[in-house]
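Q: Listed below, chain by chain, are the residues.
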Amino acid sequence: MKHNEIPPGSLTLLILRTLARHGTLHGYEIAESILRASDNVLEVEEGSLYPALQKMLVNNWVKAEWGVTKGNRRARYYQLTAAGRKQLAAESSNFERVYSAITRVLQTA
Amino acid sequence: MSILRRIQMLLHRERFDSELEEEMRLHMDLREEEQRAAGITPEEARRRSRRDFGNPTVLRERSHAAWGWGWLESLMQDIQYALRSMMHAKALTLMALLSLSLGIGANVAIFSFLDALVLRSLPVTKPAELVMLGKGDDAGVTDDYGSTTLYSYPFFREFRKSNTVFSDVAAVMSFGSEMHGTLDSRDSMQKLTGDTVSGTFFSTLAVDPVLGRFFRDEEDRVEGKSPVVVISYAFWQSEFQGTPDILNHTVKLADTTFNIIGVAPPGFFGIEVGHAPDFWVPMAMMQSLPSHHKGYADGFFQSNYVFGRLKPGVTRAQAEAETNLLYQHIMRSFPNGDWNAYNLSHLQNAHVSLTNLSTGRSFLRNTFSDPLKILMGVAALVLLITCANIANLLLARATTRTHEFAVRQAFGAQRLRLIRQLLTESLLLSVAGAVLGVILALASDRLLLRMISGGPDANLLPLDISLNVRLLTFTLFATVGTAILFGLMPALRASRVAVNEGLKESRRSNSNARSPLGKGLVIAQIALSLVLSVASVLFLRTLLNLTRVDTGFPRNSVLFVDVDSSVLGMKGDDPRMVAMFQEIEQRVASLPQVKGASFAAFTFAQGSWNGSMNVPGMPFKENTYVRHNVVGDGYFNTMQMPLLAGRGFGPQDTASSHKVVVLSESLARDFFPSGVSAVGRHIFLGKDPKPEKDLEVIGIVRDVKFESVDESKVYIDYYPNAQHPWGYGRLVVRYDGNFAPMSAAVQNTIHSVNRNLVIDHVTTLDRVIANTMVNQTLMAQLSTAFGLLAVLLSAIGIYGLMSYLVGQRTGEIGIRMALGASHTGVRWMVMREITMLVVSGVAAGIVLTLLCGQLVRNLLYGIAPSEPLSLIVGIALLTTIALAAGYVPARRASRVNPMQALRYE
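Respectively, the protein sequence lines represent chains P and S. Numbering-wise (the working numbering), the first sequence opens with residue 1 and increments by one. Numbering-wise (the working numbering), the second sequence opens with residue 110 and increments by one.
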């Protein structure tokens, strides 16, 4: 296994966080951004980004618009919505709670 | 909002797919570029980018799933698969579709009538608040004390003023809607239907005019003052082509020109289902109408239905209590009341019950609601048989598909998914069947309406039997219910596959070979078919019995000519009218090939005028009514009713001679002391021996049927028109030869006497009699059709099951024959099995038939539901057909070539 898999369910959180930080990105940029931000530790299983983005579109957490890349190709750019920001806050605090709980368990062990 | 986006996605799927495709391609391309920039060979870069990305098809499916349409996609798959598998088994599909469309179509057709006649609410505001005084079970005019169905107009006025329980009250005259009149200044009169109503009629029903206005109360306050009418929407459209200046048009009735002041909303017909008037006229104008009724101010001219709208919060019981208090009080306040002890006790004992009017009143409902309910049950049974039949076919097919299911389960298909797949197939079948069925129902509805309306020459009844939401809901439930009924069992059975065994036994499976489930279904089919066959035999014999009833007169070669003499503007008792009627009778009677001609107030099934009779020296018969008839001198001769004693009417019976009467045979027998002839004795018309009501009995005629063929004994007395002038409406002619030339000759003769007489309609006595049996004819024809359908379906069921079983046992039979079994022996072996099925089915059917018998008792005539002959005929019919259906596979079994059969093994 070449890459480190991300924990299940946290992909949405990662996408939300990435979009919150960078504003407007297309799919490849999101994947790259996650990879870079995690010092190449976390690599999104590339294709699965897209079903996740579709689900977020359905839930109105992100909105999408077609634009042009630097290389002059058509790309779909994603952006957080107000609902997305709210979801990010909720998922972050949830993640913090679970993560610190796991950490506590590991430390006491 | 999310659902809107999801629907958008569904509608723009192709764009969605291509955009996703483009997005994912961009991703892979960028990755590839990046890899290449890092110095990897182009091929390798391309390979890696594809590998790392994952399976695009799977990703696309997961993206679709994100939108929540996964179920729809798998449904589409199921449907495609189902279509393919239906096409694969063409004979089965065709058979199932045919029987389903017949089964569902029959149900939809019958239900649409049940809905129109019995279930549907009146198209007015809050129909549930409407109640009617009394049961609305009579029509006409009565001066009886204690009438709780029909009320006078003064009663309605007083009642409306005094009550505190109704927000409004209205009255509508119970009879006399048919008349002739002229629209604007057109050349000729035409037949019109107009209801006479109180000024509060529309406001009580709370409907709004589409044009103009409805009546004002003051237009109904002063007799003869406001000649206004409101017309129906349909009449506006058909007679005035929906002209917008309709309020400038008029309708002339008798001598009065009525202004059209408004148009009722589409679909509005008042309160009588199956009666759609062209117009409504206020009660205050009743005397200006062609019938010239004088009852506007008479408290005992009781001719109206009265209904009201309950105030919010008032219960029907409260309203009924107050209504009865007011009823007793108001009736006594009329100055022309004759308050002897007899009348008073009748009034005191009268109780007005309030009847729910939310579905309206209907003369048709009384006649047809029982038959329709029974037919609905019959249609449901047919559908059940259909279900059993298809379930059986599917079971057999499921067995042959064992291999397919085993393979699919081996590849990991879940059982639930297989069941869903099979149910989709069933649902698809039943939806297709339902679509065909609804088309069939719409076509047969026209036919049924024709039948109910009384044959090919009658006007169609104004019943709305078009498709509606309720009907479609019913169809939907019937369809889904049917699919589950016939599909679930085979689906459960088929999906319960032991994979290993299913795969091993590639061609046939023994697990279902003896098929107890299939046999059970066939037995049920036979049992239900027996119920339906016996029912159809019973109804056919009822019809036969009715046509054989002795009506008291020969039925054929009698013409009824309906004339409207009210258009002449003279009262019936005008001597000119009496003379005119006589002249017509004489001239028509002298036509060649005419054996007799006479007017009559009431011919067969034309209604009646009833009263009591006082025979001096005999105890008064309470509640025994005599039907009065006014006839021309030649009536008995025309109808060929033999005189049993005395004489008939002649020229000596004039307005000034002593009043005479002819009695019917049983009237003379039952009202007079035994052994005493009534001829020559005197009687009084009514209860009291008033001298002016004294009548001398001059003759006795044979009993005849008066209102229906299946009525029990009725008492009739006859009066000569010269002494009791009647504004006749029907001429009776007995003739030889053909209908058409005779009808023309009679009409010409009538017009030669008076050019202005309007001739409405010419029909024959036997057609009129047939119309009174519409009900029984309908039952006989439809139950026979359904019964035959049921038997046919069962035969197919037996044939299908036995063919299948024989097919399964080819090997076994081959061995038996190789071991020396004869053809006959094998045939018997199979026939024994079939016979067992039929006998069990018939036995269960007999029990069911006897249980259901009571339901149809009231619809039968001259025959009991448990009558053995009908049962035997039903059993014989069913057994013959069932055994014939089974014989074919049995013969095929006996023709099995042992060598071939064994080679199969």
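Hints were generated in silico from the structure; no laboratory data involved. In this text, all values refer to a predicted model and were calculated from it rather than measured experimentally. Watch out, some of these pointers could steer you wrong.
[To be verified] Mimicking SDA-like on lysine to any residue, the simulated pairs with C-alpha atoms at most 25 Å apart in a straight line are: (1) P:Lys70 with S:Tyr451; (2) P:Lys70 with S:Gly249; (3) P:Lys55 with S:Ser786; (4) S:Lys802 with S:Tyr451; (5) P:Lys55 with S:Glu130; (6) P:Lys55 with S:Gly148; (7) P:Lys63 with S:Glu130; (8) P:Lys55 with S:Glu128; (9) P:Lys70 with S:Glu130; (10) S:Lys482 with S:Leu959.
Q: With reference to the structure, classify each hint as holding or not holding.
A: Right, here's what the structure says about each hint:
no., hint, verdict
1, P:Lys70 with S:Tyr451, "violated, 109 Å"
2, P:Lys70 with S:Gly249, "violated, 93 Å"
3, P:Lys55 with S:Ser786, "violated, 101 Å"
4, S:Lys802 with S:Tyr451, "holds, 18 Å"
5, P:Lys55 with S:Glu130, "holds, 16 Å"
6, P:Lys55 with S:Gly148, "violated, 36 Å"
7, P:Lys63 with S:Glu130, "holds, 18 Å"
8, P:Lys55 with S:Glu128, "holds, 15 Å"
9, P:Lys70 with S:Glu130, "holds, 20 Å"
10, S:Lys482 with S:Leu959, "holds, 19 Å"
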